[in-house]
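**Q** Sequence order for the protein chains is B and F.
Our numbering applies: residue 1 is where the first sequence begins, and numbers increase by one.
Our numbering applies: residue 1 is where the second sequence begins, and numbers increase by one.
Rather than coming from a laboratory, the hints here were simulated on the basis of the structure.
Treat the hints with care, as some may be off.
Said to hold, decoys possible - One-sided and incomplete, this derived list gives chain B residues near chain F with beta-carbon spacing under 10 Å:
(1) Thr42
(2) Glu83
(3) Glu87
(4) His163
(5) Glu165
(6) Arg171
(7) Ala174
(8) Tyr217
(9) Thr221
(10) Arg281
(11) Asn320
(12) Trp383
Glycine residues also receive a C-beta, built at the ideal position from the N, C-alpha and C atoms.
Given next are the chains, with one letter for each unit.
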Amino acid sequence: MPVVHRPIGRCCFMPALLICLMTAPAVAQNTTQGRPEPPRTTVAGYMDLHFNKPEFEDGRVDFHRFVLLFSHAFTDRIRFVGELELEHALVEGLEEAGELELEQAYIDFLLTRAFNVRAGMMLMPIGIINERHEPPSYYGVERPFVDTVIVPSTWFEVGAGVHGEVGRGLRYRAFLTAPMNAAEFGADEGIREGRQKGANANMGRPAATGRVEYVDYPGLTLGASAWTGHSGFEFRPLFDVPVSLIEADVRYSRDRIDLRGEFAQIWLSNVARLNDTLARRIGVNPNIGRSLRGFYTEAGYRAVSGARFGDVGAFVRYENFDTQFKMPQGYLPLPEFDRDAWVIGANYWPHPDIAVKVDYSILRNRSSVIEAPNSFNLGLGWWF
Amino acid sequence: MVVLMRYVLASLSLALFISALVFGAPVWPVKAAAPQDVRVVEIVAERFRFTPSEIRVNAGTRLAIRLRSEDTMHGFHIVGTDIDLEIPSRGSEATVMFLPEPGRYTFECSRLCGAGHPFMRGVIVATR
């Protein structure tokens with residue numbers, strides 16, 4: 001099969017094409033239809049090493065993520081994908097040090113381009129980062145705050161559903177999964193601790209999630225996601241806690257420019273009752289909001305691209321997020337949870353799969369008592 | 001003038017005759033493959049998509065598929081064929097020829113490239 005690898009440069013294309021034409025047989029492919037292809041198993045992964053220096057505190061070095069991905073093709077139409085993540089390098093009891101998480105482990109049944117079935121442990125198809133979080137693929141040492149405390153990335157759960165692509169670049173995914181556990185919700189990190197993570201997860205009333213995406217225009221991704229579920233299974237039949245999330249995002253990446261923006265909002269019901277019940281259970285009122293909201297915009301530019309020593313890019317990101325955007329009747333929001341942040345920094349890619357990152361995060365809140373610390377961050381991330 | 005033309009024509013005829021004897025083929029340029037028989041298609045790969053993801057061609061059109069990555073190394077495999085090549089990381093590109101018969105050909109990323117790798121699929125639709 002004539003395959004030509006070459007550095008990009010239009011002047012070289014015609015000679016390469018001529019070589020292909022001269023050497024190509026009349027039919028340029030060797031059809032293997034009707035014969036099963038040999039099973040293919042591949043391993044890949046990424047690593048994320050951080051140094052964080054918050055204001056007024058000592059700096060810390062953290063091997064934040066060590067992730068291995070596995071893929072196996074039983075046939076052309078039946079695939080397995082797995083992702084195992086070790087967070088913070090060391091696993092001890094009660095997650096004090098780190099976590100070992102099975103973030104993906106599913107089987108894909110590829111039926112047609114427009115309709116495929118997936119079952120197992122899956123990433124929730126919500127937001128920019130949750131499904132696309134390899135360190136060299138984004139600016140900044142840490143993931144955006146909005147993709148942490150509003151969209152609880154990495155968000156994964158057991159379930160099943162369908163996905164596919166219709167026409168040119170219109171994609172969808174729709175899954176039924178285990179719901180969240182409202183008993184673990186909080187004021188600071190919202191619904192994040194409510195993820196069941198497929199660990200003997202309650203499936204009394206499955207949650208539904210979906211995403212539509214338009215990806216046909218070069219470099220542009222337009223996406224919208226939703227998640228809805230009844231998360232009060234620990235409190236039924238007394239009351240339930242319906243949770244709904246909507247999210248919209250846009251990403252444009254072309255040549256040297258990388259632009260992205262995301263908006264997400266969450267609504268919870270029966271929150272006053274949830275707060276009262278949890279206050280009696282744990283002795284402290286968790287002050288969970290009935291609505292959480294966040295958004296961010298980011299602009300990045302590769303000032304150096306294609307140089308012998310690699311690429312260099314700079315970025316700036318503005319984030320606004322509030323985990324007590326609306327409170328239930330009788331509750332007042334705490335201003336420390338109404339936050340915004342400016343993150344400014346740079347990435348250096350000595351290789352497309354390796355990123356050395358530096359940034360400074362200016363975090364603010366509305367409280368006059370509790371300060372939000374700024375932080376200086378260094379990171380080294382790689383993909384293989 | 002007429003005599004001169006006869007000499008020129010005779011010389012050309014002789015040259016063609018000798019060339020045919022020596023090379024076994026006429027010396028005038030062979031007509032290259034007609035440009036309309038080759039269609040150049042550029043596909044950009046990035047986590048986790050091919051753009052464009054749907055390509056429509058007339059069957060019998062020879063496709064010169066230029067493959068370029070915006071980020072990491074990807075793969076390009078046309079299911080049911082032996083076409084399976086690496087798309088180098090950002091900064092280089094690969095080209096492969098494909099002559100489809102009528103039908104639908106699914107192509108996909110054949111190198112595990114990240115959490116959303118299975119979404120990297122597309123189709124070539126060849127119609128008569």
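**Q** A separate judgement is required for each hint: does it hold in the structure or not?
**A** To see whether the hints hold, each was checked on the structure:
no. : hint   : verdict
1   : Thr42  : holds, 4 Å
2   : Glu83  : holds, 6 Å
3   : Glu87  : violated, 15 Å
4   : His163 : holds, 8 Å
5   : Glu165 : holds, 6 Å
6   : Arg171 : holds, 7 Å
7   : Ala174 : violated, 14 Å
8   : Tyr217 : holds, 8 Å
9   : Thr221 : holds, 8 Å
10  : Arg281 : violated, 36 Å
11  : Asn320 : violated, 27 Å
12  : Trp383 : holds, 6 Å
Of the numbered hints listed earlier, those contradicted by the structure are 3, 7, 10 and 11.
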